[in-house]
Every structure is written in C-alpha cells, then in structure tokens.
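Enquirer: Protein sequences appear in the order of chains C and Y. Quick note: the first sequence uses our numbering, first residue 94, plus one each step. Quick note: the second sequence uses our numbering, first residue 1238, plus one each step.
These stretches of chain Y come out as covered by chain C in the derived footprint (C-beta under 8 Å, 3 or more residues):
#: 1; segment: 1298-1310
#: 2; segment: 1314-1327
#: 3; segment: 1332-1341
#: 4; segment: 1355-1365
#: 5; segment: 1394-1406
Some but not every residue of chain C turned toward chain Y, in silico, with C-beta under 7 Å:
#: 6; residue: V280
#: 7; residue: S283
#: 8; residue: I284
#: 9; residue: S287
#: 10; residue: R288
#: 11; residue: A292
#: 12; residue: Y295
#: 13; residue: Y298
#: 14; residue: D299
#: 15; residue: A302
#: 16; residue: A304
#: 17; residue: G305
#: 18; residue: I306
#: 19; residue: G307
#: 20; residue: I308
#: 21; residue: N309
No lab work stands behind these hints, which were simulated from the structure alone. Values in this document were obtained by computation on a predicted structure and should not be read as measured data. Quick reminder that beta carbons are idealized off the backbone N, C-alpha and C, glycines included.
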Amino acid sequence: MEMAPLEAEGASVVRKTGPSATAALGAVVLVAAALVPTFANSYIVEVGTTALLYVVLCLGLNVVVGYAGLLDLGYAAFFAVGAYTTGILTTQFGVNFWLTLPVAIVAAAVAGVVIGAPTLRLRSDYLAIVTLGFGEIVRIFARNLEITGGASGLVGIDRPRIFGIALTKITDFYYLFLVLAVATVFVCHSISRSRIGRAWFYVRYDEDAAAGIGINRTAVKLYAYVTGAIIASVAGVFYAAKMTAISPESFTFSQSILILLGVVLGGMGKIPGVILGAGVMTLIPEMMRGAGTYRPLVTAIALLLLMLFRPNGLWPDRRV
Amino acid sequence: MALLAVDQVSLRFGGLTVLSNVSFSIDQGVIHSLIGPNGAGKTSLFNCLTGFYRPAAGRIVLEGVDIGSLAPHKITRRGLARTFQNIRLFGEMTVLENVMSGRHCRSSYGLLAAIAHLPGQRREERSIVRESRRWLKFVGIERHQHQLAGNLSYGDQRRVEWARALASEPKILLLDEPAAGLNQSEKADLVALIRRVRDEGVTVLLIEHDMGLVMQVSEHVIVLDHGQKIAEGAPAVVQHDPNVIEAYLGAEE
Chain C
94 MEMAPLEAEG
104 ASVVRKTGPS
114 ATAALGAVVL
124 VAAALVPTFA
134 NSYIVEVGTT
144 ALLYVVLCLG
154 LNVVVGYAGL
164 LDLGYAAFFA
174 VGAYTTGILT
184 TQFGVNFWLT
194 LPVAIVAAAV
204 AGVVIGAPTL
214 RLRSDYLAIV
224 TLGFGEIVRI
234 FARNLEITGG
244 ASGLVGIDRP
254 RIFGIALTKI
264 TDFYYLFLVL
274 AVATVFVCHS
284 ISRSRIGRAW
294 FYVRYDEDAA
304 AGIGINRTAV
314 KLYAYVTGAI
324 IASVAGVFYA
334 AKMTAISPES
344 FTFSQSILIL
354 LGVVLGGMGK
364 IPGVILGAGV
374 MTLIPEMMRG
384 AGTYRPLVTA
394 IALLLLMLFR
404 PNGLWPDRRV
Chain Y
1238 MALLAVDQVS
1248 LRFGGLTVLS
1258 NVSFSIDQGV
1268 IHSLIGPNGA
1278 GKTSLFNCLT
1288 GFYRPAAGRI
1298 VLEGVDIGSL
1308 APHKITRRGL
1318 ARTFQNIRLF
1328 GEMTVLENVM
1338 SGRHCRSSYG
1348 LLAAIAHLPG
1358 QRREERSIVR
1368 ESRRWLKFVG
1378 IERHQHQLAG
1388 NLSYGDQRRV
1398 EWARALASEP
1408 KILLLDEPAA
1418 GLNQSEKADL
1428 VALIRRVRDE
1438 GVTVLLIEHD
1448 MGLVMQVSEH
1458 VIVLDHGQKI
1468 AEGAPAVVQH
1478 DPNVIEAYLG
1488 AEE
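One chain only, chain Y, in its complex shape (with noise of 0.2 Å):
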C-alpha cells in the first residue's frame, strides 16, 4: 500500500481552476519529485497535502486515513511536515527555539505540569532538547544553536527549516524548492543531504526548479502543468516524455 495517495484531487479558488483530478502516490522510502512550469500548481499541492488549503474534491490518503479535510497541525501530528518556499523561521528567536517547535506536537505536557516543575515535565523538556539537538546536528548547524534565527545565512536557515521540520518526526517530508538559491556546493551537500534524510526512513517529496538537481537525486518524478498531471515516473523516462517536453519548452509547429 501506497503511503500517501492522492486521488482526484481538484482545488479552485473562485472561477480559477488551480488543480484538476490530480492523481498520485508515495511509496515509503523513495525519494519523490514534483515539477512543472511556474504556475502549475506545485506549491498549491503542497498547501492541500499540509491542509493549508482544503481541496474542493478528491482524497488525501496518508496510511489509510483521509487527511484532507484536517487541520494543518493535526496533518503534522500524522506524520507529513514541510518547509516552505520562502523560508518561515521564527527569527527572533534562537535556533535551538525554532527546532524545539517541531517537537510540540511529540510532547505533551500541559500548563499546571510547567507550574508545577514535576518530574515527568523535567523528563520531557530534556527530551525536547535532545531531539532538537539532534536533528541540528544531523543537518550540521549545531555550533549555531543559541544564536538567532534571522542572523543566519540563508543556507544555514534553510538548514534550521530542514531540522524543525525534521523534529516533529515525518513520514513524509515536504521541501518546497529546497535548492533555490544555493550555489553548486550548497546544492552538492543538499544531495548528499536528501540521501541522509530517506536513509533515515524519512519519505522524501521535493518540488524543485533545478532540473540537474531533480534528476540527480530523484527516484521517481511526478510531472504537473496548468493543474493537472502530464507525467509521472522515473526520472529518465519523464525527462524524454514529449508531453513534459511540450510543457517547458512549447509544442513545435
């Protein structure tokens, strides 16, 4: 079974027509790319997968149970977290701050327990920390921690996105144009960096610009232009598909 289906999933926003029947599944441990040209509803898939938008039909199915009409913060209880396309940091806060967010939603502890500074609280702020620590080290800013968010580099924030969304322990990790605006180094250590992440049993689904990027990295390629699927499959047969063609360079006469 499939982890996330998504079937015949449509989203308008008043007359527009931003996504029609849109059909696709994730498969467990597979690295995922979504493309297509500005404009084809990537970003939009994104916001109905997180429950930012509520589609206007079709299903969202992530390990059997539909999620599509959920609240975003229940959706990332489930296991799908994101990052987005524009980095969304709380800056003025550090950023051992900004990755203990992702764990919110794995801890538990209520407002009398903080009160009161019982044991079990205790416990689970360490365990906040640990994890938080964790993952900063896992994408490789920990020497970073206590300073604030909004001072970083752009890399390094995008690195801060990767771990705060990595702490509220996907299934699926959305990266919404992870390489944008890296040079050729960053997006080098961005592969290396995706590979890491699905080797940690983390599903991986990215939309990406970069098509050398895309290809390099991607195990499977879904293809959307104006809204609906055009293609989808492996990386060498999408990129000779004469739909896919059609779409980014135009049809020839």
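Looking at chain C on its own, in the form it has when it is part of the complex (with noise of 0.2 Å):
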C-alpha cells in the first residue's frame, strides 16, 4: 500500500490518512461550535461550555496516557492545582485574574517535576498507583488546610475582565472555553509533529529500541507528563473563574476517572478522537436525565455497549 508523497519536506509525518479531510471536517465543527449560543438556549451553552472544559481536560491526559502511554490515575490534582491557584491568589491576596495563569502554570510544572521524575523511570503500574495516591493526597490537602477553605472551598473569585469588560455571563465564558480548545488542539497538535511528540510515540511503542537509538526515555516521558499538567491546570484556572466558587469535591478521584474515560472512549492518541470523546462523555448523562434515578444505570450501559462495539475507542489512532 503505497501512500501519497509529502507535500513538503517537513510536512506531517506522522499523520497521513486524510489530513485535509480532518482539518476541513474541524472547521465545519468549529463554525457550528462558534455558533451555538447564537440560537440555543442558556442551558444548552452550559452543558457546551462543560464539554469544551472536558475537551482541554482529555486532550491534556492524552498527551500523558495516549501520547506517551503513561497511565495517569490522578490527573484532576492538577486540575486542581490551576483552580486552586487563581482561587487563593485572587480571593486572599487581591491578585488580578490574568497574573494567576502563569503562576498556575509554573505551579503545575513543579508539580509535575516532583511527581513525575522520581516514579516515571517506573514501568506503567506504579506510576498508575502513584498519580493515584497524588490525586488523592491534593484533595486532601485541599479539604484540610485552611488557605484553601477546608471543605467548603473558596468563593467570591475574581471574574476575568478581558479590555475592561468582565465576563459574567455564561455565553462570555463559553467562548472563553472555546478559545481555550482551539488553542489547546494547536497545542497538541504541533508537539505531536514535532520530534519530542514522534519520541513519545516511540518509547510508548518499544522503550528498549527508543533508548536504543538515543532516546532519552525519563526526560521524554516527563515532558508528556508535565504538559498534561500545565494543560489540566490551565483547564483549572478558567474552571475556577467560571465557577467563581471551588470545593474539593469537584477533583476527587472519579473526576481522574471521568477524564481518562473521555481519552479512552473517543480514542488514544488521536486529536479528533477525544475531542468526541470528550463530548459523548458531557452529554451522555445530560441526555440521560429523563431516565430520572435509572440514569447512571443507563448511562454505564451506554458506555459498556460503546466499548464492546468500539474497543479502541470511536476513533482510534491508527497505532493501537
């Protein structure tokens, strides 16, 4: 099976199987995206809103678990890292808004390095037991201390003001969201075709044939593993001022759980796949409300079919 020359020296490499097709089909999803609150009602834009925030939570998880294929148990404690940030900064020491995403970023990185260095020379098992016991430990952390409001959590975050104007309504922070996405699939998508995103691909193939060539296996997996971080808590940082009021209990551990399943379920590896994923996920529960208290029943029927029919997810990158 002969495949179609480059286009360019340069070009993608690594994604060959219709990339026009893809990139036109994201367009026509943009435009359409772009255009909801224009006809559809607030409760629609909420649910949109919450299936852009999960779209940027999955694509950052699969940079860690499909990218690089490191399970990640724990990835809502950087979630909560980000939120957490702009919540104390802003409602305790007056910080603007915009000046809490980079120290959010910053946060994260460092969380990253500390977790991810020492147990990511590890094979997969631990490091999934590891970011589990993290995950935890941020949410207890969370709930005990006293500058993150113990269980009830902070309210009163600043809302952002973007040239003067604060944005308060629903529609204003679904945008916001939806910029968040583009940016965050640009994002991916460019480090994936570059030549850190083909050595994760490589090490997730044959670690022993990747050090083998030259590949430094630990450094490469801890750039997976803090870019999903620095894209969780950027997720949070805007989470934080939407919701204007964060608990613990919005990163526990089934929230990990509700991230990966959205990578799983649209397909590891593959931009378009979980970005699906990421909205089946949103709004599987929301269509099952008139199942009254059957619906996490129906719901986890839904999801058991989908696995049973689309096992590597409903669309797979081509290496499985």
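Hey, can you piece these two chains together into the complex? The hints should help.
Expert: Right, here's the structure in full:
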C-alpha cells in the first residue's frame, strides 16, 4: 500500500490519513460550535461550556496516556492545582486574575516534575498507583488546609476582565472555553508532529529500542507528564473563574476517571477522537436525565455498549 | 589509539558468569567480527557496549571516555549505534518515521519551539527528514518510505534498522546477526552494504554465525567461548587456531 508522497519536506509525516479532510471537518465543527450560543438556550450553552472544559482536560490527559502511554489515575490533581492557585491568589491576595495564569502554569510544572521525576523511571503500573495517591493527597490537602477553605472551599473568585469588560454571562465563558479548546488542539497537534511527539510514540511502542536509538526515555516521559499537568492547570484556572467557587469535591478520583474515560472512549492518541470522546462523555449523562434515578445505570450500559463495539475508541489512532 | 577499548570486562547474572575478563580493541575503519558458539556471550557483550547491561567489572572506553556506566541514550549520542538480533522496529509507524528516530539525538529543539513553529525548528525538522531520506536511499529502500515498517519483508525491515542506526551518525555500528534469515543473494548484498558503510567512515562490529560471510567481509575476528576471549586476529589465522576449532567442533580425545 503505497501512500501519497509528502506535500512538502518537513510536512507532517506522522499523520497522513486524509489530513485535509480532518482539517475541513474540524473547521466545520468549529464554525458550528461558534454559532451555538446564537440560537441555543442557556441550558445548552451551559452544557456546551462543560463539554469544552472536558475537551481541554481530555486533550491534556491524552498527551500523557495516549501519546506517551503513561497511565495517570490522578489527573484531576493538576486541574485542582490550577483552580486553587487562581482561587487562593484572587480571593486572599487580591491578585488580578490574568496574573494567576502564569503562576498556575509554573505551579503545575513544578508539581509535575516533583511527582514525575522519581516515578517515571518505573513501569506503568507503579506510575498508576503513585498518580492515584497524588490525586488523593491533593484533594485531602485542599479539604483540610485553611488557605484552601477546607471542605467548603473558596468562594468569590474574581471574574476575569477582557479590555475592561468583566466576563459574567455563560455565553462569555462558552467562548472563553472555545478559544482555550482551540488553543489546546493547536498545542497538542504541534507537539505531536515534533521530534518530542515522535519520541513519545517511539517510547510507547518499544521503550528499549527507543533508548537504543538515542532517546532519553525518562526525560521524554517527563515532558509528556508536565505538558499534561500544565494543560489541566490552565483548564483549572478558567474553571475557577467560571464557577467563582471551588471545593474539593470537584477534584475527586471519579473526576480523574471521568477524564480518562473521555480519552479512552474517543480513541487514545488521536485529537479528533479525544474531542469526540469528551463531547460524548459530557452529553450522555445529560441526555439520560429523562431516565431519572436510573440515569447512572443507563449511562453505564451505554458506555459498556460503546466499549463492546468500539474497543479502541470511537475514532482511534492507527497506532494502537 | 583504539577507537573503542574493552578492558577486562566481566558480567554476571547472579551466580552465572556471562563474560569474564574480556579485552579487545576496535580500530577506526576496520570491519570486525565477533564470533563464537551459541551462548558464548556475544549479545551480552553488545548489551554491555550499548549500556543495556552494566558490567560487573572492567572498562569500556570510547575515544578516551569510559562509557561503561552511561545510559543507552548517552552512549548512542557518543557514537555507538546498534541493530537488534530480533528486529525491533516501530512496526506501526512508517519507514521514514522509523529512521527519523535515529535523528532524535542529533536534533535539539524543544516543546516551546515546536508550539511556536520557530524558523530554527522548521529548519531542524527539514534536516531530520532530509538526513533520514539520505540513509534510506543509502540502504536502498527509499521507495518504501511511506509504508508501515511492519508491512515490509524481513530483509527490508533489516535495512530499515540499519538506516535508523546510521541516521544517528555512529562512529561504530554494532550489527547483531545481520545475515540471519537472509538468502544467498541477500547475503551478497549485505557484504557490499557492510563495505559501503565502512567506506562512509563508520567502523563496523558484527556478530555473525555465517562463517563464510565472516571470513569474506571481516578484517579482524574476535572469538568468544563461555564468556572468554579465546582467539583474535586476521580471519585466516583465527580459522586455523586450535582453540577455535575445539570450541566449535569439540576436542579430539
């Protein structure tokens, strides 16, 4: 099966299954998403905003799980790092919202290195356990420290202002998260086609062969882990701004599993698949509202059926 | 000075001694072979040279630097590349992507440059592709560059492994049984390819069981048996060494 030649030297050689078709589809989806608030009611815009938040979180976790093949069961911890950084700095130190963003990025990077550097030398199963523990530690700290507001959390988080106009309406946040999601897609796409992105694929496929060809596997895994941490943290910053109140209950183990579910459901390692997964994962529970108390059961059955018939996800990467 | 000096290297797995006090040196531009009966410790020695195993004793000195305790990726960066006995390609990636992995250690742009698409990053990316294509052409499988590596024939997969190793700009190329599974005409091509690699300035050390090929292509032969070096020298000399004959055929009563 001879593939089409590259359009230009240095162009994408990693993805070539109809990149132009995928890009066209992406543009259509983006335009449609941008038009949603013009006709939809506020409930739909609210659900859409949540879906976009999960798109960002799932894309971030996809870097760790999908690209680098590292099982992270405590991803919500980095989401919490971002949300609490903004929450603490704006409510207790009066810092401008936008200034909390770089602080949250640095905090997530530091946390990622501290957790990742010692554990990424281990095989994946151990990493899963350590990340699980880290997720719980962060949540329990948030629950018990004074500065994080304890179990009731933080309230009255500053709303961001753009050109002097405060973002308050749900539509404002819908567009804010849309921009964030597009930026995340751009970042993930760029990295996945770079030498680091390729190194993730090499290490995931055959760690020893990758090391034998000159790739520092620990460093490469750490890049993935920290990249994922920063993306979650940025999502947390904007989540805090949207909610204006955060509590430890938003950053539980089940939150981590929900994000992981979106990644696995959509198709690990493939951006359109992960976006689809995040969307489906947000929408299925909403659509099942009619089922009343049976909602979790119906949702679980729907997910089981999906896994049964699409075991590699809805839109998987060709390299499983 | 020797390009690579192996000095009194020993390797043990628990109570089992795999290599004991092995010493030899590799000279620039010479085709070397490492031979010996099954279980003599040849692949284990390769694994020591490339950092996959850490010798219990002894030194491995590449251009004056002891690489015996370095991690595999650092050794590759210093100029030692290898192929594997059982081919280890990234089967679900294209042939070109496989070879590009060899350029990783010769390129340096990071995450931020990749996100920002800086001119330096684009230049480096173009050079990764260009160099990878050059080595694919060198081993003669450029036409397969966009196929998945796993779909290639066995012989072509071996060539991808060569191109991938050569793309890392090695000073020494270690080939672990390059003729295994090849037919006679492919073996003739292999001899020519080994010589062309040498002519590129890359020193070759190969493990091989095919004695015809070893005698034909090598200029220096090192013989291992039970983890010890039992002979070393020109092919014609080693061939008639009584220790070597004994190791392969058993002693006369």
